[in-house]
Amino acid sequence: MIDARLAELGITLPEPAAPVASYVPAVEVGGFLYISGQISFVDGQLMTGKIGDTRTEEDGIAAARACGLMLIAQMKKALGSLDRVERIVKLGAFVACVPDYSGQPKVANGASDLMEAVFGDAGKHARSAVGVPVLPLDATVEIDAIVAVKPA
Amino acid sequence: MIDARLAELGITLPEPAAPVASYVPAVEVGGFLYISGQISFVDGQLMTGKIGDTRTEEDGIAAARACGLMLIAQMKKALGSLDRVERIVKLGAFVACVPDYSGQPKVANGASDLMEAVFGDAGKHARSAVGVPVLPLDATVEIDAIVAVKPA
Amino acid sequence: MIDARLAELGITLPEPAAPVASYVPAVEVGGFLYISGQISFVDGQLMTGKIGDTRTEEDGIAAARACGLMLIAQMKKALGSLDRVERIVKLGAFVACVPDYSGQPKVANGASDLMEAVFGDAGKHARSAVGVPVLPLDATVEIDAIVAVKPA
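Protein chains in written order, with the numbering used here: chain A, 1068 to 1219; chain B, 1068 to 1219; chain C, 1068 to 1219.
Quick caveat, the hints were computed from the structure, so don't treat them as lab data. Just so you know, not all the hints are guaranteed correct.
Each pair of labels, with its calculated beta carbon distance range [claimed, not checked]: (1) A:T1121 / B:L1204: 48 to 54 Å; (2) B:V1165 / A:A1071: 46 to 52 Å; (3) C:A1219 / A:A1189: 31 to 37 Å.
To list a few chain B residues with every Cβ distance to chain C over 10 Å, as calculated [said to hold, decoys possible]: (4) I1078; (5) A1088; (6) T1121; (7) A1219.
These numbers come from a predicted model, not from an experiment. Note that the Cβ used here is the ideal one computed from N, Cα and C, for glycine as well.
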């Protein structure tokens, strides 16, 4: 059903990215799926640079949406089916930016709006969003997630 | 009982803040309540600015306590009663500061001390505290929380 | 069994550090152990300074491994036995660095590789890793953890 919703929205999931280091993309345990921080691969290319420096707020929103798509791709890979998603519980958004840019909530909405569009009420989540000076590989945005899941 | 304790401490909870973007204040699932990052509204006004720049350490402690009050206000709204709090499990504290200010633990105590004063042993929590260059709306402090809850 | 594995690896756990402020090192609830952010005590001395400034990437890797050892020491203290570890679920790594250093994943591997060496498949975890301008007491690295645990 969620696959149908993705199709309706014209969304094709990206290939789930392999971790850039010694960890795994997702761990399912105790009814929860913990997903590693996903960085902003937009159409297969990493968006790099900081908002307020080489990147605009609009770039940041697109970067956050890309992180969100990758989170959904990781859910699908880890769970087998997106219909096992019971609730998107929490997103943790890290936005690379200059020290006087304070629009992190607007940027993170790129991912939050996607979750609600795809999962409806089950996509409504808690969130934190903060600015950071730099992210892995100079990514513009990184977002991790906690998802409540139904038994397989 | 926790309401009585708040009264004893002379604490009036703030109106729970609406999210500043596309997410919800709190999600209850699997025996846990995940609360979104709360920023430092002190007496209804957002405390902005970075510690070491326009803000002192004392300001930071007050900002963290304000985040803690807002977290408790969100618990009350989400759970119906604060007596459903089984344990404050984890606080994640983000402190906006200049790069040579390293007193984040002292700042975050503004929230941690409040949790223990209000909830007693159930208020003793795990915590992370880090410095960041900037927070949403230029807030001085942001804190999110995980709470273990009793069934309604 | 995990104690034997530590001995095989020639690892002696550090004395679990007391919190530097008003919180507890770890909270066990609902089948999970939440461990507070541990800073980089290397052989009992706090490693301070930022990567790209007074610290190298190699220093950072050693700092992250030290955080990992302290996380394991806290698990042992909180759980009684490391054999109660069911799964290392998630590490949250914060790396103090200059704004143009983007090797946080390599640094965080200092902890991630340790978890897999000690716990095998149960040590494979989800992870986020981000750069920050400064950490408590000027520590080089801070890492917190979520662990799934077996009943006592």
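Handout entry: Status of the stated non-contact between B:A1219 and chain C (beta carbon gap over 10 Å)
Key = Holds: least Cβ distance 16 Å, greater than 10 Å.
Handout entry: Status of the given 31 to 37 Å range, CB of A:A1189 versus CB of C:A1219
Key = 34 Å, holds
Handout entry: Cβ distance range 48 to 54 Å for A:T1121 and B:L1204, holds or violated
Key = Since the Cβ atoms of A:T1121 and B:L1204 sit about 23 Å apart, the hinted range of 48 to 54 Å is violated.
Handout entry: B:I1078 remote from chain C - nearest C-beta pair above 10 Å
Key = At about 17 Å from chain C, B:I1078 clears the 10 Å cut-off, so the statement holds.
Practice task
Find the nearest Cβ of chain C to the Cβ of B:T1121 and say whether that gap is larger than 10 Å.
Solution key: With a cut-off of 10 Å, B:T1121 remains clear of chain C, as the shortest Cβ separation is near 16 Å.
Exercise for the section: Please test the hint of 46 to 52 Å on the beta carbon pair from B:V1165 and A:A1071. Expected result: 50 Å, holds
Problem - 10 Å Cβ clearance of B:A1088 from chain C - result: The claim stands: B:A1088 keeps its Cβ more than 10 Å from every Cβ of chain C (closest is about 20 Å).
The structure fails to meet hint 1 from the earlier list, while all remaining hints are met.
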